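Chemist: In case you want the letters, here they are:
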Amino acid sequence: MNAFQWIVLPILVLLVVERLVTLLRGSGSRRVALFWGLVWCCAAVAIAWPDLTTSIASGLGLRRGADLVMYFAILFSFVGFYMIYVRMRRLDANLTLLVRKLAIENPMTSGEMSKQRDDEM
Amino acid sequence: MTPVQSDLAATEDQASKPSLPADVRQKVFIVIPAYNEGEKVGTVIEEVRALYPNVVVVDDGSKDQSAAISGRAGAKVLRHAINRGQGAALQTGIDFAILQGADFVVTFDSDGQHRVDDIPALIIPILEGKWDISLGSRFLGGVENIKASRKALLRLGVLFTRIVSRVKITDTHNGLRAFSRRAAQRIQITLDRMAHASELIDQVRDCGLPYGEVPVHIRYTDYSKAKGQSSSGAFKIIFHYLFKRMTS
Numbered sequence: 002m003n004a005f006q007w008i009v010l011p012i013l014v015l016l017v018v019e020r021l022v023t024l025l026r027g028s029g030s031r032r033v034a035l036f037w038g039l040v041w042c043c044a045a046v047a048i049a050w051p052d053l054t055t056s057i058a059s060g061l062g063l064r065r066g067a068d069l070v071m072y073f074a075i076l077f078s079f080v081g082f083y084m085i086y087v088r089m090r091r092l093d094a095n096l097t098l099l100v101r102k103l104a105i106e107n108p109m110t111s112g113e114m115s116k117q118r119d120d121e122m
Numbered sequence: 025m026t027p028v029q030s031d032l033a034a035t036e037d038q039a040s041k042p043s044l045p046a047d048v049r050q051k052v053f054i055v056i057p058a059y060n061e062g063e064k065v066g067t068v069i070e071e072v073r074a075l076y077p078n079v080v081v082v083d084d085g086s087k088d089q090s091a092a093i094s095g096r097a098g099a100k101v102l103r104h105a106i107n108r109g110q111g112a113a114l115q116t117g118i119d120f121a122i123l124q125g126a127d128f129v130v131t132f133d134s135d136g137q138h139r140v141d142d143i144p145a146l147i148i149p150i151l152e153g154k155w156d157i158s159l160g161s162r163f164l165g166g167v168e169n170i171k172a173s174r175k176a177l178l179r180l181g182v183l184f185t186r187i188v189s190r191v192k193i194t195d196t197h198n199g200l201r202a203f204s205r206r207a208a209q210r211i212q213i214t215l216d217r218m219a220h221a222s223e224l225i226d227q228v229r230d231c232g233l234p235y236g237e238v239p240v241h242i243r244y245t246d247y248s249k250a251k252g253q254s255s256s257g258a259f260k261i262i263f264h265y266l267f268k269r270m271t272s
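For the record, the sequence lines run as chains H and A.
Position one of the first sequence corresponds to residue 2 (our numbering), numbered consecutively onward.
Position one of the second sequence corresponds to residue 25 (our numbering), numbered consecutively onward.
One or more of the hints may lead you astray.
[Claimed, not checked] The calculated lysine-lysine pairs, modelled on DSS-like cross-linking and capped at a C-alpha distance of 30 Å, are: (1) H:Lys102 / A:Lys260; (2) A:Lys100 / H:Lys102; (3) A:Lys41 / A:Lys154; (4) A:Lys51 / H:Lys102.
[Said to hold, decoys possible] Pair by pair, the computed Cβ-Cβ distance ranges are: (5) H:Phe77 / A:Thr271: 17 to 23 Å; (6) H:Trp37 / A:Ile170: 19 to 25 Å; (7) A:Ala250 / H:Leu35: 41 to 47 Å; (8) H:Leu92 / A:Leu164: 37 to 43 Å.
Because the hints were derived from the structure by calculation, they are not lab data.
In this text, all values refer to a predicted model and were calculated from it rather than measured experimentally.
Backbone N, C-alpha and C fix where the C-beta goes; we use that ideal spot for every residue, glycine too.
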């Protein structure tokens, strides 16, 4: 094993254990725990056996295993950005509904308007 | 809907501009979204209220005295606790107007670029049962002090709408519009910010109700130009609109 593997593999093992503990405790989403557990396992396997990624890469018509990892990382990032953006838009829409409900249920009274005027003077 | 051509003819003024009978004006709700418009909104409301008693101002989280000034000018004021954008403010005002029993809902800008005189021309076709949604068009009517670059951008907007939404109208981003009650009930703006204008055209197309364009006059002033959307904002609008179309 090289120095990089000595440093990174224990960290990845710790992350997998942390996800397992989360799964066993039943705290948090099971789907999310499984997803991240799988991601850390794949990373650990790719780092522990670099030749494996190279052989998969050549099977897919790529030269190096590192290229395969990089392409997947980029793809993964874009999917992640998209999912985060969609979720943000959904939160934004819900926030608007809440703000609207409050505004319609509480039209401003003349007292509140005078108070606003006094506050801003 | 009862045709009221004879009443309308009787109330036309000397300049042959159409006007509406008082009982119809009572049923018209003017929705004015406002964000930091304290300088102008009071005058706009006073002009509108001289003829239309039901004015709803949606203060979109302004940091100035827009809400207080609007209230003093006689408008019903709804306040967004935080800024949500013009599209969100319009939908809040439309929802409120429906709850208040509006028969007609008119959307009107707070920066003084619209003319109260144009409102009857928007309402009359709805009143006559010709259509349910009147879309104001500055290119059928008139526009004062518009910069050539803004005009070109608006024309591009029209072209964009014709290609993407497949709706053939002459002015797609005009805030002066009127809806019958049933049309207002069917419209549901979900794009909170400026892209709502494009979304609204899609909804007008899809809601299954007839619509038409009405010539209106827009007067750009230094104030409205300073407050208006920057030309670079067009890219943001296109992004939000297309993203919404792709994800819904």
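Chemist: Indicate, hint by hint, whether the structure satisfies it.
Modeler: Quick rundown of the hints versus the structure:
Between lysine 102 (chain H) and lysine 260 (chain A) the alpha-carbon distance is near 27 Å, which keeps this suggested pair within the 30 Å criterion. Restraint check for lysine 100 (chain A) and lysine 102 (chain H): the C-alpha separation of about 16 Å stays at or below 30 Å, so the hint holds. Simply put, lysine 41 (chain A) and lysine 154 (chain A) have alpha-carbon atoms about 19 Å apart, close enough for the 30 Å limit, and the pair holds. This hinted pair checks out: lysine 51 (chain A) and lysine 102 (chain H) have alpha carbons roughly 23 Å apart, not beyond 30 Å.
Checked against the given bound of 17 to 23 Å, the beta carbons of phenylalanine 77 (chain H) and threonine 271 (chain A), roughly 20 Å apart, stay inside it. In this structure the supplied range 19 to 25 Å is violated for tryptophan 37 (chain H) paired with isoleucine 170 (chain A), their Cβ-Cβ distance being about 55 Å. For the hinted restraint 41 to 47 Å between alanine 250 (chain A) and leucine 35 (chain H), the CB-CB distance of approximately 54 Å leaves it violated. About 40 Å separates the C-beta atoms of leucine 92 (chain H) and leucine 164 (chain A), a value consistent with the hinted range of 37 to 43 Å.
Hints 6 and 7 from the earlier list are contradicted by this structure; the remaining hints agree with it.
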